[in-house]
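Undergrad: Each chain, letter by letter, is given below.
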Amino acid sequence: KNQVEQSPQSLIILEGKNCTLQCNYTVSPFSNLRWYKQDTGRGPVSLTIMTFSENTKSNGRYTATLDADTKQSSLHITASQLSDSASYICVVSYGNNRLAFGKGNQVVVIP
Amino acid sequence: NAGVTQTPKFQVLKTGQSMTLQCAQDMNHNSMYWYRQDPGMGLRLIYYSASEGTTDKGEVPNGYNVSRLNKREFSLRLESAAPSQTSVYFCASSGALNYGYTFGSGTRLTVV
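Each protein sequence line maps, in turn, to chains A and B.
Under our numbering, think of the first position of the first sequence as 1, with each following residue one higher.
Under our numbering, think of the first position of the second sequence as 1, with each following residue one higher.
No lab work stands behind these hints: they were computed from the structure.
Model, not experiment: these values are computed from the prediction.
Warning: the hint list may mix true and false statements.
Simulated pairs of lysine to aspartate or glutamate, EDC-like, Cα-Cα distance not exceeding 20 Å [said to hold, decoys possible]:
id, chain 1, residue 1, chain 2, residue 2
1, B, K14, B, E79
2, B, K71, B, E52
3, A, K103, B, D38
4, A, K103, A, E15
5, A, K103, B, E52
6, A, K57, A, D67
7, B, K9, B, E59
8, B, K9, A, D39
9, A, K57, A, D84
Now the in silico label distances, taken between C-beta atoms and shown as ranges [stated by the list, open to error]:
id, chain 1, residue 1, chain 2, residue 2, range
10, B, K14, A, G95, 20 to 28 Å
11, B, G63, A, N2, 41 to 49 Å
12, B, T110, A, L82, 25 to 33 Å
13, B, T110, A, Q9, 20 to 28 Å
14, B, N65, A, K17, 46 to 54 Å
Ideal Cβ placement from N, Cα and C applies to all residues, glycine included.
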């Protein structure tokens, strides 16, 4: 079983609409959680990083939440744009500098 | 500021051929990594170098070797390429081990 599960695997949304991506993890002890955006043909780029004490963090139209008790995180995209079409990867840092990667949420924004 | 630079961007190899993927970073980062990304598999760690002079195996090291040439450069070598090594390879670096990655733009490798 994957240590980091992301859902939905893929989704298609209309431009201007909102969407929420989910990340559930099982690893411990938790250190921090990052959301990365990966455009097609490019490397992942960090959007947000959240530590244990942070419940929410925003980066423009991207808002990440974290519930360390239930080991869940979400990434909310507000007023989606065509440029938001990408894969969003959840990465959890835990233990002695170890990382667990999710497989990504593939988002397609259509006009 | 280039960040992490990978070369080449694309490569086609015949089975059994060898090649080296190059990676260089200009951020004075201590740690560097090589990942492969396959459809439905996500990113998987091949090798990493926590600091100059050290290298360690990751999750999928078989068929690969690495060299941390200096603090800036970390190369990945395929001695005898196999079709199973067809993938997109990403180099990354971070100031501290596994904290705050900066990724390169990837090398798309096809082994026929």
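Undergrad: May I ask which of the numbered hints given earlier this structure violates, with the numbers listed in increasing order?
TA: Numbers 4, 5, 7, 10 and 11, in rising order.
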